[in-house]
Amino acid sequence: MASILTLRLSPSSYQRLIQPNLTGLRRAELGFDSCRLNLRNDQRKAKKFVIRLALSGDSDKQDKSIQDIVFVNTRNTLVKFRESVCSRPHIFVTKRTSTSYVAVGICVVTMFLVIVMRVYKSRISRPSRPGSVADLVRRGQLRSDRRGISSTLKYEDPFNNPMVKISMTNSTVEMCGKVYRLAPVTLTREQQNVHIKRRSRAYQWKRPTIFLKEGDAVPSDVDPDTIRWIPANHPFATTVSDIDEDMAQTNVYQKHGVPFRIKAEHEALQKKLESLQNDQKFSKLTIDAGNAKNFERPFRTQLKPDDQVEEKLSNGPSRHTQSDCTRNSLGSNTNTDDIQHT
Amino acid sequence: MISLLTHSNPLSYLPHSSPTPSISPFFTHTKTLKPSKLKSLKINSILQYNRKPELAGDTPRVVVITSGKGGVGKTTTTANIGLSLARLGFSVVAIDADVGLRNLDLLLGLESRVNYTVVEVLNGDCRLDQALVRDKRFSNFELLCISKPRSKLPMGFGGKALVWLVDALKDREEGCPDFILIDCPAGIDAGFITAITPANEAVLVTTPDITALRDADRVIGLLECDGIRDIKMMVNRVRTDMIKGEDMMSVLDVQEMLGLALLGVIPEDSEVIRSTNRGFPLVLNKPPTLAGLAFEQAAWRLVEQDSMKAVMVEEEPKKRGFFSFFGG
Chain A
1 MASILTLRLS
11 PSSYQRLIQP
21 NLTGLRRAEL
31 GFDSCRLNLR
41 NDQRKAKKFV
51 IRLALSGDSD
61 KQDKSIQDIV
71 FVNTRNTLVK
81 FRESVCSRPH
91 IFVTKRTSTS
101 YVAVGICVVT
111 MFLVIVMRVY
121 KSRISRPSRP
131 GSVADLVRRG
141 QLRSDRRGIS
151 STLKYEDPFN
161 NPMVKISMTN
171 STVEMCGKVY
181 RLAPVTLTRE
191 QQNVHIKRRS
201 RAYQWKRPTI
211 FLKEGDAVPS
221 DVDPDTIRWI
231 PANHPFATTV
241 SDIDEDMAQT
251 NVYQKHGVPF
261 RIKAEHEALQ
271 KKLESLQNDQ
281 KFSKLTIDAG
291 NAKNFERPFR
301 TQLKPDDQVE
311 EKLSNGPSRH
321 TQSDCTRNSL
331 GSNTNTDDIQ
341 HT
Chain B
1 MISLLTHSNP
11 LSYLPHSSPT
21 PSISPFFTHT
31 KTLKPSKLKS
41 LKINSILQYN
51 RKPELAGDTP
61 RVVVITSGKG
71 GVGKTTTTAN
81 IGLSLARLGF
91 SVVAIDADVG
101 LRNLDLLLGL
111 ESRVNYTVVE
121 VLNGDCRLDQ
131 ALVRDKRFSN
141 FELLCISKPR
151 SKLPMGFGGK
161 ALVWLVDALK
171 DREEGCPDFI
181 LIDCPAGIDA
191 GFITAITPAN
201 EAVLVTTPDI
211 TALRDADRVI
221 GLLECDGIRD
231 IKMMVNRVRT
241 DMIKGEDMMS
251 VLDVQEMLGL
261 ALLGVIPEDS
271 EVIRSTNRGF
281 PLVLNKPPTL
291 AGLAFEQAAW
301 RLVEQDSMKA
311 VMVEEEPKKR
321 GFFSFFGG
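Residue numbers (the UniProt record's numbering), protein chains in the order written: chain A, 1 to 342; chain B, 1 to 328.
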């Protein structure tokens with residue numbers, strides 16, 4: 001198992017690495033069979049005060065204790081440390097630069113920026129993923145639950161619309177967060193006149209004033225250019241007019257009162273009723289409660305004939321008398337009993 | 001996109017100078033109008049959010065929004081411009097002139113409130129004010145549909161009916177609306193003729209692709225033949241990234257081909273689909289989206305009969321500060 005023994009005493013303290021530096025033995029066994037500590041001496045990137053102490057390698061391996069590892073807390077044991085340095089052959093590497101802090105900071109900031117950028121990009125690209133449901137909803141292809149969220153703009157809005165901004169140079173316009181470049185329109189009056197002349201030569205047309213179906217005769221006083229011939233199987237068009245033009249014009253201009261057709265129908269019904277009233281049969285038409293009851297009776301007897309018979313029997317002659325009265329008042333020969341049985 | 005003022009605006013607070021007319025011969029068939037060639041020109045762009053727009057022209061201004069090609073964003077433009085105008089304080093009536101395939105009510109979220117249409121008004125089943133569907137968000141915005149789906153309107157009758165409608169709207173008790181926007185159906189069929197009949201100005205919506213441009217050119221020709229001279233265009237679904245890679249025509253290329261003043265440039269925005277499905281127009285989104293801001297600016301220019309003097313060409317990397325890395 002290879003590992004690096006790096007012991008950090010404190011954030012501000014030094015980092016020491018003590019390595020057994022035997023001539024033939026580059027490995028210090030720390031007393032554990034399963035855990036052998038491989039101490040590398042190539043700690044070139046150490047950014048703190050690093051001491052690499054080459055332990056004198058005795059040939060006997062019995063003294064494998066870790067007491068050789070000495071942690072020196074600089075100031076207190078500086079003198080002692082110097083002595084040990086001078087007395088023993090060891091490699092002493094000191095690397096301490098102020099630029100290393102800057103480099104670490106730049107790395108951290110760069111990493112942070114990369115993360116932020118990735119998150120930002122993913123957030124931007126998320127709704128515009130083509131084909132997704134969100135995209136379909138956004139594009140209006142699917143109905144969403146957001147129906148009806150739009151509220152009507154207020155009247156003042158068109159006069160203070162923050163969604164449209166024109167740049168100071170009039171060369172671009174920003175609408176709905178997008179910037180568009182503007183180009184001037186160069187069409188002149190002369191060019192328009194050229195087009196008008198071209199079209200007047202190309203298209204000779206008179207607005208049709210009369211519509212005829214195939215087979216209709218052309219009226220003598222009509223310009224043939226103003227006739228529009230309608231195919232007989234046209235789905236909507238009809239040349240047959242059942243609307244009286246004068247009446248139609250009157251109807252369009254009518255502002256008050258009952259519309260013509262409604263009024264005409266009402267008048268027709270009124271006339272019909274009057275004619276019926278003038279008839280001898282209904283000349284004495286009056287409305288009274290008994291009349292209504294007489295007309296109700298057959299309906300009720302049809303529903304419950306047994307009840308009706310019982311009721312008739314129980315009421316007896318008084319009921320008959322009333323019905324006779326009504327019969328007389330009607331002046332007709334219809335008998336209630338006849339109606340019941342018919 | 002961004003709003004650019006003209007000289008005629010008295011309230012503009014920065015000096016203007018019109019672009020030099022002698023730049024780039026008109027019919028030079030360049031691959032793409034490179035903005036780098038135009039760097040010498042001064043770009044005049046002013047933020048318009050500092051004041052209210054001033055209504056130009058006589059009211060009601062009857063504007064037809066047309067394209068020729070389908071699917072370029074006519075109805076989306078109508079809904080967003082209409083509600084932008086209403087939010088700016090102008091009274092607006094939006095007419096969905098698409099007889100068979102109306103969709104404007106869906107985009108506005110008013111589909112459940114359309115009980116009567118112009119057909120019922122003509123038949124006398126209801127009055128005009130009953131057919132107008134008032135928006136609950138902005139009470140000065142009203143929707144009027146020509147007909148219900150699958151109903152038939154006599155073809156020669158639509159144009160006349162719309163003229164009567166415009167006249168009737170002028171004489172309303174609550175006052176003449178400032179804008180009548182007519183959402184034109186695709187094509188140049190009877191629906192197109194119906195829609196353009198009462199209009200006195202037009203907004204042509206196109207996308208920067210060659211099919212839409214060919215149809216747009218044809219439609220402009222028909223409009224000019226019909227006497228509508230005030231035509232401005234809106235380029236829809238613009239992608240600056242594709243323009244940068246020269247995979248899409250730039251707005252300046254489109255303008256070179258059609259020769260129309262630019263009312264607005266709408267960038268491609270996925271929020272458009274979302275707002276369409278919700279029945280909540282884009283301009284009401286909070287926070288505002290890119291396309292919503294562009295529609296708002298286009299509405300502003302429509303009010304003032306203004307046109308763009310600069311267009312966004314490509315996206316630039318945003319300049320970030322020193323601490324932007326950290327989210328600053």
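Note that these hints are calculated values from the structure, not bench results. Idealized CB from N, CA, C, for every residue including glycine. Treat the hints loosely; a few may be bogus.
What the hints assert, rightly or not - Among the chain B residues that face chain A by a calculated CB cut under 10 Å, a handful are:
| id | residue |
| --- | --- |
| 1 | L55 |
| 2 | T59 |
| 3 | L122 |
| 4 | D125 |
| 5 | C126 |
| 6 | Q130 |
| 7 | D167 |
| 8 | D178 |
| 9 | I210 |
| 10 | L213 |
| 11 | K318 |
Comparing the hints with the structure gives:
Annotation: interface hint on L55 (chain B) violated; nearest CB of chain A at approximately 15 Å, more than 10 Å. Here the hint on T59 (chain B) is broken, as its CB sits about 19 Å from the closest CB of chain A, past 10 Å. Taken as an interface hint, L122 (chain B) checks out: its beta carbon lies about 4 Å from the nearest beta carbon of chain A, inside 10 Å. For D125 (chain B), the suggested interface contact is upheld, since its CB lies about 5 Å from the closest CB of chain A, less than 10 Å.
The beta carbon of C126 (chain B) comes within 5 Å of a beta carbon in chain A, closer than 10 Å, and the hint placing it at the interface holds. The restraint placing Q130 (chain B) at the interface with chain A holds, with a minimum CB-CB distance near 8 Å, inside the 10 Å limit. For D167 (chain B), the suggested interface contact is upheld, since its CB lies about 8 Å from the closest CB of chain A, less than 10 Å. A least Cβ separation of about 16 Å between D178 (chain B) and chain A goes past the 10 Å threshold, and the interface hint is therefore violated.
Annotation: interface hint on I210 (chain B) violated; nearest CB of chain A at approximately 17 Å, more than 10 Å. Taking 10 Å as the C-beta cut-off, the interface hint given for L213 (chain B) is violated, the closest approach to chain A being about 12 Å. Among the interface hints, the one on K318 (chain B) holds; its C-beta lies about 5 Å from the nearest C-beta in chain A, closer than the 10 Å criterion.
Checked against the numbered hints given earlier, the structure breaks hints 1, 2, 8, 9 and 10 and satisfies all the rest.
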